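Residue numbers (the numbering used here), protein chains in the order written: chain A, 161 to 529; chain B, 4 to 116.
Just so you know, these hints were derived from the structure itself, not from any lab. Note that the coordinates shown come from a computational prediction; the quantities given were computed from them, not determined experimentally. Where hints are given, some of them may not hold.
[What the hints assert, rightly or not] In the DSS-like style, the derived pairs of lysine-lysine whose C-alpha atoms are separated by at most 25 Å in a straight line are:
1. A:503 - B:43
2. B:59 - A:501
3. A:522 - B:90
4. B:111 - A:522
5. B:43 - B:59
6. A:413 - A:201
7. A:522 - B:59
8. A:522 - B:43
9. B:61 - B:43
10. B:61 - A:499
[Said to hold, decoys possible] To spell it out: a stretch of chain B is covered by chain A in this simulated footprint if at least three of its residues, at any positions, have a beta carbon under 8 Å from a beta carbon of chain A; those stretches are:
11. 24-31
12. 39-52
13. 57-66
14. 73-84
15. 104-110
A virtual CB, placed ideally from N, CA and C, is assigned to each residue, including glycine.
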Amino acid sequence: MSNQNVGAVYDIIIQEVINSVRVDFEETGTEEGVLDDLKKKWQIKLSQMNVATFPWDPKPELPPQQSTSAAASAAAAQAAATPVASYTQSTLSPQVSAQPISLPGHGLPHSNGLPIKQEAGLARTDPSVKQEPGLDGQAGQQNYALHPQQQQHLQNLQQQHQQRPGQVPQQLSPQQQQQQQYRQGLANAMQQQRMQAQGQHIAPQNGLPAAQHDGATAYEGILMQRDANGNPVELSRVEIDNMLHAQILARGKQMEGGGLMLPLKQATRNRGIASKRDADASHVSAHDGGDDELKDEDLDDDAINSDLDDPNDDKDDDDDEDDGGHMMLCMYDKVQRVKNKWKCTLKDGVLTVNGREYVFHKATGEYEW
Amino acid sequence: MAASNNFYDLYRHGSLGVTLTDALDDLIGDERIDPQLAMKVLTQFDRVVAETLQEKVKARLTFKGSLDTYRFCDEVWTFLIRNVTFKMDNNSSTVVADKVKIVSCSAKRNDDK
Numbered sequence: 161m162s163n164q165n166v167g168a169v170y171d172i173i174i175q176e177v178i179n180s181v182r183v184d185f186e187e188t189g190t191e192e193g194v195l196d197d198l199k200k201k202w203q204i205k206l207s208q209m210n211v212a213t214f215p216w217d218p219k220p221e222l223p224p225q226q227s228t229s230a231a232a233s234a235a236a237a238q239a240a241a242t243p244v245a246s247y248t249q250s251t252l253s254p255q256v257s258a259q260p261i262s263l264p265g266h267g268l269p270h271s272n273g274l275p276i277k278q279e280a281g282l283a284r285t286d287p288s289v290k291q292e293p294g295l296d297g298q299a300g301q302q303n304y305a306l307h308p309q310q311q312q313h314l315q316n317l318q319q320q321h322q323q324r325p326g327q328v329p330q331q332l333s334p335q336q337q338q339q340q341q342y343r344q345g346l347a348n349a350m351q352q353q354r355m356q357a358q359g360q361h362i363a364p365q366n367g368l369p370a371a372q373h374d375g376a377t378a379y380e381g382i383l384m385q386r387d388a389n390g391n392p393v394e395l396s397r398v399e400i401d402n403m404l405h406a407q408i409l410a411r412g413k414q415m416e417g418g419g420l421m422l423p424l425k426q427a428t429r430n431r432g433i434a435s436k437r438d439a440d441a442s443h444v445s446a447h448d449g450g451d452d453e454l455k456d457e458d459l460d461d462d463a464i465n466s467d468l469d470d471p472n473d474d475k476d477d478d479d480d481e482d483d484g485g486h487m488m489l490c491m492y493d494k495v496q497r498v499k500n501k502w503k504c505t506l507k508d509g510v511l512t513v514n515g516r517e518y519v520f521h522k523a524t525g526e527y528e529w
Numbered sequence: 004m005a006a007s008n009n010f011y012d013l014y015r016h017g018s019l020g021v022t023l024t025d026a027l028d029d030l031i032g033d034e035r036i037d038p039q040l041a042m043k044v045l046t047q048f049d050r051v052v053a054e055t056l057q058e059k060v061k062a063r064l065t066f067k068g069s070l071d072t073y074r075f076c077d078e079v080w081t082f083l084i085r086n087v088t089f090k091m092d093n094n095s096s097t098v099v100a101d102k103v104k105i106v107s108c109s110a111k112r113n114d115d116k
């Protein structure tokens, strides 16, 4: 559901309102600048509510920033991934190819120059050597290299070796182990990386781990907000800054209103209201007693004192309005009910849902009670 | 209250109205405009919003949900609907909300006067 036209519609409304009150401003002798200020303030406040994209918003730096940071982190992830990949190719493949190369390398001189018997002797020692667990990789490699040159007898031996599965793997084990270790290391590294990536994914949601990554993996947001479709979206750092700034400004204003910057008379008047409210509150709590009802009637002659007057009801209503500001303001043409099924035709409405605003000319709603 | 100018002040509770009221409050606080002038601005706002929504907006909306509370008082319907699905007719995507409050004034009263 798009709300692209909202910005344009709101812009029209603002222009129209400003233009139509210009005369009133002139009549009351208010400076022209004030009207412009009003318009600007209105637009800024509206932008801060972030309910739609407005034509007066400066072409937002936020989305590009987000995308560049995303691109940067993607690039960083890639950069982190590629060294590993090249490492595998450069380091692992020579090791793999080293074996086949070393076999003929060792084999050729032996088969050409040296007597086979010696070879056989050497070869015979092989099994005993091979069975030793303390072999280093080179010995294993040499031993293995000898096998191909041995003829008949030795080929048999080789076959025997191959048939004995317990030995060949053992013989190869140092290298394989190395490789396996390396592969495991690699896998671990990759897993760690993946976990990190997942962590990055998770971090913005729970907010805590983000503090650990203050390096190149740039986090713009740790605050989540629901977008138009109700999906959670990260707020960028700039957006958060804006929110904080607005909050601080509002606080400051509250402090001023609370009496710091006000003339004494106004400040005390405010306090008077506040204390009166307190008194009301205490009165309300006293109301629970039940015996005070006569007094209540004395205090407020207009009160009907039905359940509808229950102060708790007002509280409930407040809760309704507080629910994320999901609200539709509109006109109704028709409201019909058949048993528990309601049907209504609404028009000229403004709908606020999930922090986005929509305008409509006509709306039909069907709901069951 | 709204009878004096034929338009409801209903839309003042929307974001557009709230921000305008805020901006006006700021100016009043700084003593740059009087409260009466602010009231005039708001009545103009009531008219402009109603007219603009009527004339400039064409979008249609349908929604479904379960009605939690209904109230009809002084010609104003108030509905509290739960698990609402909204659908604009211009595209098929929907928006879901767990709870929406609808405040609706009679369209007729506007036309009659």
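Hints, one by one, checked against the model:
{"no.": "1", "hint": "A:503 - B:43", "result": "37 Å, violated"}
{"no.": "2", "hint": "B:59 - A:501", "result": "32 Å, violated"}
{"no.": "3", "hint": "A:522 - B:90", "result": "12 Å, holds"}
{"no.": "4", "hint": "B:111 - A:522", "result": "15 Å, holds"}
{"no.": "5", "hint": "B:43 - B:59", "result": "23 Å, holds"}
{"no.": "6", "hint": "A:413 - A:201", "result": "15 Å, holds"}
{"no.": "7", "hint": "A:522 - B:59", "result": "12 Å, holds"}
{"no.": "8", "hint": "A:522 - B:43", "result": "29 Å, violated"}
{"no.": "9", "hint": "B:61 - B:43", "result": "28 Å, violated"}
{"no.": "10", "hint": "B:61 - A:499", "result": "32 Å, violated"}
{"no.": "11", "hint": "24-31", "result": "holds (count 5)"}
{"no.": "12", "hint": "39-52", "result": "holds (count 9)"}
{"no.": "13", "hint": "57-66", "result": "holds (count 9)"}
{"no.": "14", "hint": "73-84", "result": "holds (count 6)"}
{"no.": "15", "hint": "104-110", "result": "holds (count 7)"}
Checked against the numbered hints above, the structure violates hints 1, 2, 8, 9, 10; every other hint is satisfied.
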